[in-house]
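Trainee: Sequence:
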Amino acid sequence: MADEELFYDFSTVEKKWQEFWERENTFRAYDQSDKPKYYALDMFPYPSGAGLHIGHPEGYVASDILARYKKACGYNVLHPMGWDAFGLPAEQYAIKTGTHPSVTTQSNVDNFRRQIKSIGFAIDWEREINTTDPEYYQWTQWIFLRLFQRGLAYVDEKPVWWCPNLRAVLANEEVVDGKSEVGNHPVERRNLRQVVLRITAYAEKLLAGLDDLDWPDSTKRQQKAWIGRSEGAEVQFSIDGSDKKLTVYTTRPDTLFGATYMVIAPEHPLLDQLVIAEKKDQVDAYILAAAKKSDLDRTDLAKDKSGVFTGSYCINPVNNEKIPVWVADYVLISYGTGAIMAVPAHDERDYEFAEKFGIEIRRVIAHPDGDEEKGQLPYSGPGVMENSGDYDGMDAHTCKSKIIADLEAKGVGKGAVNYKLRDWIFSRQRYWGEPIPLVWVSKEDYSLAQNKDGVLKGLIPENPVTSDKDGETLYALPLPASELPLKLPEVENYQPSGTGESPLATISDWLDIWFDLETGKSLPRTETKPTGENWVSATRETNTMPQWAGSCWYHLRYIDPGNSSNLVDKEKEAYWGGPDFYIGGAEHAVLHLLYARFWHRFLYDEGVLANPEPYKKLFHQGLILGEDGNKMSKSVGNVVNPDVVIDAYGADSLRLFEMFLGPLEAVKPWSEKGIEGVHRFLRKVHRECFRAEKHISEEENNKETLKLLHETILKVTEAIEDLRFNVAISQMMILINHLQKTDCYSINTVQILLQLLAPFAPHLAEELWEKLGGKPSIVNQPWPNARKDLLVAEEITIVFQVNGKLRGQGKFPKEANKEAVISAAKADEKVQSFLQGKEIVKEIYVPGKLVNLAVKG
RNA sequence: GCCCGGGUGGCGGAAUUGGUAGACGCGCUAGAUUUAGGAUCUAGUGUCGAAAGGCGUGGGGGUUCGAGUCCCCCCCCGGGCACCA
Numbered sequence: 025m026a027d028e029e030l031f032y033d034f035s036t037v038e039k040k041w042q043e044f045w046e047r048e049n050t051f052r053a054y055d056q057s058d059k060p061k062y063y064a065l066d067m068f069p070y071p072s073g074a075g076l077h078i079g080h081p082e083g084y085v086a087s088d089i090l091a092r093y094k095k096a097c098g099y100n101v102l103h104p105m106g107w108d109a110f111g112l113p114a115e116q117y118a119i120k121t122g123t124h125p126s127v128t129t130q131s132n133v134d135n136f137r138r139q140i141k142s143i144g145f146a147i148d149w150e151r152e153i154n155t156t157d158p159e160y161y162q163w164t165q166w167i168f169l170r171l172f173q174r175g176l177a178y179v180d181e182k183p184v185w186w187c188p189n190l191r192a193v194l195a196n197e198e199v200v201d202g203k204s205e206v207g208n209h210p211v212e213r214r215n216l217r218q219v220v221l222r223i224t225a226y227a228e229k230l231l232a233g234l235d236d237l238d239w240p241d242s243t244k245r246q247q248k249a250w251i252g253r254s255e256g257a258e259v260q261f262s263i264d265g266s267d268k269k270l271t272v273y274t275t276r277p278d279t280l281f282g283a284t285y286m287v288i289a290p291e292h293p294l295l296d297q298l299v300i301a302e303k304k305d306q307v308d309a310y311i312l313a314a315a316k317k318s319d320l321d322r323t324d325l326a327k328d329k330s331g332v333f334t335g336s337y338c339i340n341p342v343n344n345e346k347i348p349v350w351v352a353d354y355v356l357i358s359y360g361t362g363a364i365m366a367v368p369a370h371d372e373r374d375y376e377f378a379e380k381f382g383i384e385i386r387r388v389i390a391h392p393d394g395d396e397e398k399g400q401l402p403y404s405g406p407g408v409m410e411n412s413g414d415y416d417g418m419d420a421h422t423c424k425s426k427i428i429a430d431l432e433a434k435g436v437g438k439g440a441v442n443y444k445l446r447d448w449i450f451s452r453q454r455y456w457g458e459p460i461p462l463v464w465v466s467k468e469d470y471s472l473a474q475n476k477d478g479v480l481k482g483l484i485p486e487n488p489v490t491s492d493k494d495g496e497t498l499y500a501l502p503l504p505a506s507e508l509p510l511k512l513p514e515v516e517n518y519q520p521s522g523t524g525e526s527p528l529a530t531i532s533d534w535l536d537i538w539f540d541l542e543t544g545k546s547l548p549r550t551e552t553k554p555t556g557e558n559w560v561s562a563t564r565e566t567n568t569m570p571q572w573a574g575s576c577w578y579h580l581r582y583i584d585p586g587n588s589s590n591l592v593d594k595e596k597e598a599y600w601g602g603p604d605f606y607i608g609g610a611e612h613a614v615l616h617l618l619y620a621r622f623w624h625r626f627l628y629d630e631g632v633l634a635n636p637e638p639y640k641k642l643f644h645q646g647l648i649l650g651e652d653g654n655k656m657s658k659s660v661g662n663v664v665n666p667d668v669v670i671d672a673y674g675a676d677s678l679r680l681f682e683m684f685l686g687p688l689e690a691v692k693p694w695s696e697k698g699i700e701g702v703h704r705f706l707r708k709v710h711r712e713c714f715r716a717e718k719h720i721s722e723e724e725n726n727k728e729t730l731k732l733l734h735e736t737i738l739k740v741t742e743a744i745e746d747l748r749f750n751v752a753i754s755q756m757m758i759l760i761n762h763l764q765k766t767d768c769y770s771i772n773t774v775q776i777l778l779q780l781l782a783p784f785a786p787h788l789a790e791e792l793w794e795k796l797g798g799k800p801s802i803v804n805q806p807w808p809n810a811r812k813d814l815l816v817a818e819e820i821t822i823v824f825q826v827n828g829k830l831r832g833q834g835k836f837p838k839e840a841n842k843e844a845v846i847s848a849a850k851a852d853e854k855v856q857s858f859l860q861g862k863e864i865v866k867e868i869y870v871p872g873k874l875v876n877l878a879v880k881g
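Numbering (this note's numbering), first residue to last: 25 to 881.
A couple of the hints might just be wrong.
Claimed, not checked - Each computed DSS-like pair below joins lysine-lysine, with the alpha-carbon atoms no more than 30 Å apart: (1) K269 - K244; (2) K304 - K268; (3) K40 - K829; (4) K641 - K141; (5) K380 - K444; (6) K380 - K467; (7) K268 - K444; (8) K553 - K594; (9) K708 - K641; (10) K765 - K835; (11) K799 - K829; (12) K731 - K812; (13) K731 - K692; (14) K799 - K141; (15) K182 - K316; (16) K812 - K61; (17) K731 - K795; (18) K304 - K269; (19) K692 - K640; (20) K708 - K39; (21) K880 - K829; (22) K812 - K727; (23) K40 - K59.
To be verified - Computed Cβ-Cβ distance ranges for the label pairs, DEER-style: (24) K39 - R707: 15 to 21 Å; (25) E696 - K444: 19 to 25 Å; (26) R253 - E432: 19 to 25 Å; (27) R138 - R707: 25 to 31 Å; (28) K835 - R138: 23 to 29 Å; (29) D652 - K438: 56 to 62 Å.
Source of the hints: derived by calculation from the structure; they are not laboratory data.
Predicted, not measured: the structure shown is a model, and the values here were computed from it.
Even glycine gets a Cβ: it sits at the ideal position worked out from N, Cα and C.
All chains, please: the whole structure from these sequences, using the hints.
Mentor: As structure tokens, then:
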């Protein structure tokens with residue numbers, strides 16, 4: 025055979041097969057099929073200007089291996105790709121250069137698509153989606169309107185994170201350690217009008233739904249902690265000398281007798297009435313100081329408690345004791361009732377506060393052992409109640425429900441559940457996002473709309489959503505679905521106003537409209553007002569949606585990307601269900617993954633979807649670090665560009681190496697030398713396929729080869745199912761190393777190896793499959809079956825141990841009995857030397873594996 | 001501080017889940033081939049030791065015939081949460 029045939033020209037080969045797959049539509053997913061379906065989903069990328077990072081393909085290769093493997097196993101496979109393309113960077117670039125974000129986005133998408141295609145994924149490109157496409161975002165808007173209709177969207181003045189540098193409001197999740205996640209700029213608190221989604225209404229469902237999900241435990245735990253459900257009681261304390269009551273939330277009603285002071289948050293509405301005249305100046309100063317503190321300060325100073333006595337007292341409902349009320353910023357207005365009863369003996373924070381201000385610390389729970397050491401204060405463990413009146417001697421934990429019942433009977437309290445989860449601030453004061461399809465009208469016009477029989481009927485929420493502007497209360501009306509998409513208008517200046525309004529607020533043509541209450545149609549107010557009583561003056565909502573919106577439901581759109589009358593066809597949704605496998609970074613544990621569950625569950629409750637949960641099986645790939653072991657970053661200069669790697673070694677080598685680096689979920693460093701190793705392996709496979717002289721028959725005659733081949737089929741198959749791709753690859757390396765040393769083997773053996781290799785290195789596998797006379801595509805070949813009968817060796821090796829240490833081994837027929845093996849072990853020369861002068865106290869035989877002789881003396 | 005995950009050769013990592021520790025790959029050493037380099041091939045490569053053999057999975061204890069794997073204590077690294085009453 026000619027030398028050039030031994031040359032593995034990966035760039036030609038890879039180009040050839042990428043064109044073949046595209047031409048033949050090899051990876052098209054069929055909406056109707058007798059085959060079982062398999063839907064493999066990647067977290068779709070944000071198409072940044074920097075292009076594909078070496079980390080992106082890690083997850084994509086993993087899902088691609090599964091997609092190709094499942095296809096070979098006879099599944100109708102859906103493996104789609106799309107773009108999460110709204111977001112800050114394109115907008116910031118627009119601010120700087122004046123380039124429209126859609127232009128930037130388009131060129132970034134083109135570059136990403138080119139790069140992704142160059143890696144040879146089994147993607148059905150006909151289903152490509154883009155969140156910035158009006159055809160797509162009209163359904164994002166549609167879902168929002170449904171939420172609005174059901175009272176799950178509202179408008180509120182909220183203290184939110186304001187970033188002066190970005191001149192935009194950030195979500196809690198976009199703020200890390202008091203800095204913006206994007207750009208690392210300082211942020212501060214500001215009150216702004218916000219559109220908010222009532223995700224808290226779904227707290228219980230989102231929590232309960234976690235149980236059935238095949239997700240990494242740590243991610244489930246994170247969501248659980250984020251939702252933060254706690255059970256306890258709301259207890260009313262009457263205010264001494266007033267008919268008002270102060271309600272607190274506590275998870276420890278069993279410690280009520282230990283409450284020696286109360287604390288209310290600086291923002292608490294009752295604070296004004298609680299402060300006595302002599303304390304007013306001091307309290308006012310404290311409130312002011314607390315308001316100035318950013319959350320960063322609050323966390324940094326977490327250990328240093330501060331507070332001021334209000335001068336007022338509350339009456340403890342269980343023992344009528346007068347206890348002082350303090351104001352302190354360690355109590356948050358946003359959680360529970362914004363007020364607490366403080367039990368310093370049994371709460372670390374209250375203890376610290378009481379110590380600092382010399383407040384009584386009264387133990388009411390004794391350690392169950394009576395152990396003074398363990399019962400040191402503050403003590404929050406289980407125990408027996410004391411100093412608690414009639415409850416003395418009872419177990420604190422079991423007593424909780426009794427105390428709650430007693431409080432309820434007296435009308436001074438009730439059981440209560442609280443969540444840490446806050447409602448989702450859904451608006452952004454930015455241009456490059458989905459416009460929120462609401463219009464604002466006067467109270468009178470709103471009443472008119474409510475009483476009309478037009479398209480808005482039924483779309484208006486039960487309780488009006490209102491907002492005060494310039495002293496007038498405005499009412500929110502939805503656009504009807506027929507008016508969607510509400511497209512982004514063209515603007516000349518992308519600069520945010522800096523006052524907290526989006527650039528959309530400056531486009532009066534778009535902003536100020538005549539609105540038809542009957543049809544939902546609109547006209548710019550610069551035009552003549554159409555005749556008819558239905559036409560009213562209205563203003564559009566200027567906020568846009570956050571980047572999370574588009575990714576909340578994209579897994580549904582891939583199922584039916586071209587549907588212009590529904591977000592997804594019901595039958596198609598019933599067929600495809602949700603993704604069978606979802607892979608992406610762990611950084612989305614509580615953001616995207618919680619929001620998407622919320623929207624999906626809501627749509628399920630609305631009867632739009634057949635399944636309550638979007639992602640049944642989830643996996644997080646681990647980060648790939650730079651060769652120096654640091655996180656890849658431009659400034660460090662350790663970034664590896666996939667284009668360069670593909671040029672040097674080919675896409676197959678890149679794919680194989682990303683999987684060979686280590687466990688998929690592990691954080692692991694890149695290695696230039698390492699990729700040479702897998703590249704060498706591919707060249708070996710290439711070379712062996714052209715060793716014609718070795719291929720002697722169709723069927724494999726060499727028993728050793730046959731056994732190893734079937735072992736390899738078994739291991740590779742199991743490893744793929746378990747997502748242990750590094751193990752699958754090393755097993756294939758073992759097989760090729762064996763073939764290389766073998767004088768002859770069959771074509772069939774090589775063909776099976778190629779099939780096993782195909783999901784990992786699809787281009788080379790296709791090429792060699794064709795060269796050996798196979799008909800492409802190799803993915804249409806049924807996955808090889810491991811014959812377990814061939815895996816049993818006729819001869820087994822049994823290890824001899826003395827006191828658990830390896831001292832020898834012997835070969836035995838597989839039916840050898842215990843006695844024969846043990847006596848052979850004892851007869852072994854080396855074993856003998858370790859038995860000299862010692863007494864055998866125990867003989868262990870593990871069938872087919874080992875003998876262990878325990879000796880003494 | 002609290003809650004997870006993890007610590008195995010010079011490096012990335014295997015180990016049928018309590019049964020031959022270090023598979024596979026990288027690197028390294030020697031040799032073959034080659035004008036040379038590269039590529040390829042062969043042999044070796046945990047550690048101490050000439051060998052026999054000893055030691056060895058972060059450290060210390062324990063359970064067991066047998067422990068990387070199970071239990072207790074401690075150290076280190078990574079991630080998450082961080083006044084949520």
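Trainee: Next pair to validate is K731 with K692; report whether the Cα-Cα distance is within 30 Å.
Mentor: 33 Å, violated
Trainee: Quickly compare the C-alpha distance for K40 and K59 to 30 Å and report which way the hint goes.
Mentor: Holds - the C-alpha atoms of K59 and K40 are around 29 Å apart, at most 30 Å.
Trainee: Are K553 and K594 close enough, with their CA atoms no more than 30 Å apart?
Mentor: Distance of about 41 Å is beyond 30 Å: violated.
Trainee: For the pair we were handed, K731 and K795, check the Cα-Cα distance against 30 Å.
Mentor: 25 Å, holds
Trainee: Does the Cβ pair K39, R707 satisfy 15 to 21 Å?
Mentor: Distance hint for K39, R707 holds at roughly 18 Å.
Trainee: Between the alpha carbons of K880 and K829, is the straight-line distance 30 Å or under?
Mentor: Distance ~14 Å between K880 and K829 Cα, so the pair holds.
Trainee: Take a quick look at whether K799 and K141 sit within 30 Å of each other, Cα to Cα.
Mentor: 23 Å, holds
Trainee: Could one say that the CB atoms of K835 and R138 fall in the range 23 to 29 Å?
Mentor: 57 Å, violated
Trainee: Can the restraint linking K182 and K316 be considered satisfied, given a maximum Cα separation of 30 Å?
Mentor: Holds: K182 and K316 sit about 16 Å apart, inside 30 Å.
Trainee: Are the Cα positions of K380 and K467 separated by 30 Å at most?
Mentor: Violated: K380 and K467 sit about 53 Å apart, past 30 Å.
Trainee: Between D652 and K438, does the C-beta distance stay in 56 to 62 Å?
Mentor: 59 Å, holds
Trainee: Given the proposed pairing of K692 with K640, does the C-alpha separation stay at or below 30 Å?
Mentor: 27 Å, holds
Violated hints for the displayed structure, listed by number in ascending order: 1, 3, 6, 8, 9, 11, 13, 25, 28.
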